[in-house]
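Read off the chains here:
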Amino acid sequence: MSNKKNYGMVIDTRVCVGCSACVYACKSENSTPEGYCRDWVVQETKGSFPKLTMENRSERCQHCDNAPCVTYCPTRASHYAEDGTVQINRSRCTGCKACIAACPYDARYVHPEGFVDKCSLCQHRTEKGLKTACVSICPTGSLNLVDFNDPNQEAQKLMNGKLVYRQKEHAGTEPSLYWISASNKPGA
Amino acid sequence: MMATAVSEMISTKINPNVLPHLHIWEWHIPLYLFLGGLAGGLLVITSIMIVMKRQFGIGPQDVGNGCPCLALRIGAILSPALLGIGMLFLFLDLAHPLYVWAFYTTIQPTSPMSAGSWILIAFFPLAILQAMLVNRSQLRSFKIEPISKVIDWTEKHMTIVALANAHIGVGIGIYTGILLSFFSARPLWSSSILGMLFLVSGISSAAALMLLFAPKNEKPVYSMIDANAIWIELMTVGLFVLGGLTGSANSHGAMMHLITGDVNLAGMSYMFWFWGIFVISGLVVPLVVEFLEAAGVHIKFPNLAPVMVLCGGLILRFLIVFAGQSYHTFM
Chain A
2 MSNKKNYGMV
12 IDTRVCVGCS
22 ACVYACKSEN
32 STPEGYCRDW
42 VVQETKGSFP
52 KLTMENRSER
62 CQHCDNAPCV
72 TYCPTRASHY
82 AEDGTVQINR
92 SRCTGCKACI
102 AACPYDARYV
112 HPEGFVDKCS
122 LCQHRTEKGL
132 KTACVSICPT
142 GSLNLVDFND
152 PNQEAQKLMN
162 GKLVYRQKEH
172 AGTEPSLYWI
182 SASNKPGA
Chain B
594 MMATAVSEMI
604 STKINPNVLP
614 HLHIWEWHIP
624 LYLFLGGLAG
634 GLLVITSIMI
644 VMKRQFGIGP
654 QDVGNGCPCL
664 ALRIGAILSP
674 ALLGIGMLFL
684 FLDLAHPLYV
694 WAFYTTIQPT
704 SPMSAGSWIL
714 IAFFPLAILQ
724 AMLVNRSQLR
734 SFKIEPISKV
744 IDWTEKHMTI
754 VALANAHIGV
764 GIGIYTGILL
774 SFFSARPLWS
784 SSILGMLFLV
794 SGISSAAALM
804 LLFAPKNEKP
814 VYSMIDANAI
824 WIELMTVGLF
834 VLGGLTGSAN
844 SHGAMMHLIT
854 GDVNLAGMSY
864 MFWFWGIFVI
874 SGLVVPLVVE
884 FLEAAGVHIK
894 FPNLAPVMVL
904 CGGLILRFLI
914 VFAGQSYHTF
924 M
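Sequence order for the protein chains is A and B. Be aware that the first sequence starts at 2, since it is given in my numbering, and climbs by one per residue. Be aware that the second sequence starts at 594, since it is given in my numbering, and climbs by one per residue.
Think of the hints as simulated: they come from the structure by calculation, not from any bench. Just so you know, even glycine gets a beta-carbon here, dropped at the ideal spot from N, CA and C. Treat the hints with care, since some could be wrong.
[Unchecked claim] Negatives, chain A to chain B, calculated, CB over 12 Å:
no., residue
1, Val42
2, Glu114
3, Glu128
4, Met160
[Said to hold, decoys possible] Okay, the calculated bits of chain B under chain A, using three or more residues with CB under 8 Å as the criterion:
no., region
5, 602 to 608
6, 685 to 694
7, 699 to 705
8, 772 to 781
[As the list claims (entries may be wrong)] The calculated label-pair distances, taken between Cβ atoms and stated as ranges, are:
no., chain 1, residue 1, chain 2, residue 2, range
9, A, Pro51, B, Ile873, 50 to 58 Å
10, A, Gly173, B, Thr839, 19 to 27 Å
11, B, Ala598, A, Gly115, 41 to 49 Å
12, A, Pro51, B, Glu619, 28 to 36 Å
13, A, Asp151, B, Trp711, 35 to 43 Å
14, A, Leu131, B, Gly831, 56 to 64 Å
15, A, Gln157, B, Ser604, 35 to 43 Å
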């Protein structure tokens, strides 16, 4: 098996408390401008009273294997990186905003300095063998950085036997983020 | 009684112009799409007229020395000029305009915007040659050697240049729609008929513009082209609406958002803009007026119908660009 990485995330919503530490770690690590965010926390409540279920989850760019932003980018600024993530080359980004319109997850925004920005899965950290800022800070271990090429199959071990979903799979984007559903919780 | 099921989402996402809905393209883009459509339409009409005249002897009369009629001459000049203005708006819309060169260091076959940036460049040389060709008697009077040589060359290859231009014009017209329709994440835009709609709308707007400045004896030709184009446009709008309404929940919702939407755009709802301003006053009324005109009825304000068509074409671009963004992302 090659040493090539194929990064993604497995996010365990069963233990996510929605503390937003991932959001602030990301802002601080990546100097995200004020009023913008590369990741965010969603709290979803469903059902009929009194049978309500709630799921907290951290969301970000899905680093799709078939990313519409890369397909649509006219300058190759948005591209697939060697490690399986989707990255933006700022020195080729004209800010035409086609990728923002193309993203079914609304994960991108125009940086006030004139380029499109989004989660990089902390490539500058993973290159050095570190975990992403959000994963490092997550106090409940909800966030897991995984390598789908890992021979030990850590990602599969995390997900085995649980109800796991990806977002908007029918968009055909092949996202690299997996969520372990909160409905796995006992009593849910 | 069954309790009402709830589904509520609270998100900490705050990115401006992405939430609560997309707001990345403002007036620059619809204006560019309108001018691009006009430029494409003008190129198509002038090219076809040149080919018809040269090959079949059909078309507007010659004004001495084989020089075509006034509307054709102005139209051929306006085509690259309007596209140039449109491209300026496109340039101004870029978040980092100085990086515009990056478009021309690569060809991305899957990106309509990449294809479009190349078509825009390819448009100019032949469109300018054509504009020079139809204005040759004026240009030759300046007696500038290189210009006369270029005109001589173009005159020899007139049919080929005009045929190529007809295709480039269709390409530009379709491209302005395809630019939006490839975004499967935006349900209103995700319709391949949008390319066709913007093309016919561009042609009808171009015919209306030529009708405005054509001298009286040339008007019937452009009136006829315009009436035909409006008729086809009406059919295409119908197909666009039907395609949306009969589509998936995403497409259906997006089309209802446009045609029955109460979102306010400059003081009026989308519904009113779409049916009242675009369909009725931009298509149906001008079609009736131009039909009556062709049938010999005296129209008191002959310039009113073409102005209404032009306004309709402009409003169509604004409506599609804005309504496409204000509807929620693909679910």
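Mind listing which of the numbered hints don't hold for this structure, in increasing order?
Structure breaks hints 1, 2, 12 and 15.
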